[in-house]
Amino acid sequence: MGNAVKVFGKNTTSSLLLLKHRNIIRWRFFSKPVGLDLYSIVRLAEGSHLSLLSFFIFILINIQIMEHSISVKQILIDLISIMPQVEKEFKSNERYSQLVEFLSGKDYHEGDEPYPTLKDIAEKTGVKSHHIRKQLEEIYANLFAYDYDYTFDFSEVEIRMHVDYNKKYESFRCKELKYLPKIGESIQLPFLKAKIGIHFFYVQDVQHQFELNKQIITLFLKGGFYNSYWYYRKHKALELGEIGIGDEYKLYDFQLKEKLGLRG
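Residues in the sequence shown are numbered from 1 upward in steps of one, following the UniProt record's numbering.
Hint data in this document are derived by calculation from the structure and do not stem from the laboratory. A hint or two may mislead.
[Unchecked claim] Straight-line Cα separation of at most 27 angstroms, DSS-like style, residue types lysine-lysine; simulated pairs:
1) 168 with 222
2) 178 with 214
3) 88 with 124
4) 128 with 88
5) 91 with 119
6) 134 with 124
7) 178 with 193
[Claimed, not checked] With beta-carbon atoms standing in for the labels, derived distance ranges:
8) 180 with 153: 13 to 21 angstroms
9) 97 with 70: 18 to 26 angstroms
10) 186 with 117: 43 to 51 angstroms
11) 112 with 190: 31 to 39 angstroms
12) 148 with 177: 27 to 35 angstroms
13) 228 with 81: 33 to 41 angstroms
14) 152 with 239: 28 to 36 angstroms
Heads up, the beta-carbon is just placed ideally off N, CA and C, and yes, glycines get one too.
With the sequences and hints as input, model every part of the structure.
Take a look at the structure:
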């Protein structure tokens, strides 16, 4: 596997492991602390081809991450958001089978079911709450552990389009596109003219979301033609506080331009 050196901060309960293999630097978290002196840090930085300053910054950032306590409630929500993958990977494991079977039995992510509490899960499965907590932590840790080597699968692709023209809105879904339009590119949608009043649009924004076993790509389309200066000026105004987020949604573009003194 290559050279391995453990690193930790004296006031932490975790340690870092730097794995150097084929010039790839990988960092891992471990629960058992070990010692490290300044000489070791310098030697490790030299051996990994990192600048000493970068190395120290990296250590400090990761010590803060290690000392941050992870919410089990958030772990539960996170796992539910990728439940098909959790079910496929862990349901056959006897240790986790009851928990995974319960969580995959209802659509907590996209349905109307409220997220279950540890107490709910314990009552329905017969597994004690502290065991459920431990199992959730273990499953979550395994997904990101280097030695477990899990590979996420978001092979399904869903395209969503949100269309806006003069405060008229429409949205629809479509199957995977062979070419994904980028910000600023023009799109013609003749089948929307009756609903929106226009058929030519440009891509205002592109967002990617990964959940369940899908990559959801959302294209935000705006009626008209792309103006690179206006795109820049509006975002500059938002950053400087010249207009608010609410203004962008409440006002028409011509009203925003008047507010910024671009039109008399």
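Here's how the hints hold up against the structure:
1. 168 with 222: holds, 10 angstroms
2. 178 with 214: Within the cut-off at roughly 17 angstroms; holds.
3. 88 with 124: holds, 21 angstroms
4. 128 with 88: holds, 24 angstroms
5. 91 with 119: Given pair residue 91, residue 119 holds - Cα atoms ~21 angstroms apart, limit 27 angstroms.
6. 134 with 124: With a Cα-Cα distance of about 17 angstroms, the restraint between residue 134 and residue 124 holds, given a limit of 27 angstroms.
7. 178 with 193: Given that 27 angstroms is the threshold and the Cα spacing comes to 24 angstroms, the pair holds.
8. 180 with 153: 13 to 21 angstroms: holds, 20 angstroms
9. 97 with 70: 18 to 26 angstroms: Cβ of residue 97 to Cβ of residue 70: about 23 angstroms, so the range 18 to 26 angstroms holds.
10. 186 with 117: 43 to 51 angstroms: holds, 49 angstroms
11. 112 with 190: 31 to 39 angstroms: holds, 36 angstroms
12. 148 with 177: 27 to 35 angstroms: holds, 34 angstroms
13. 228 with 81: 33 to 41 angstroms: At 36 angstroms between Cβs, range holds.
14. 152 with 239: 28 to 36 angstroms: holds, 33 angstroms
Against the hints set out earlier in the document, no violation occurs for any number.
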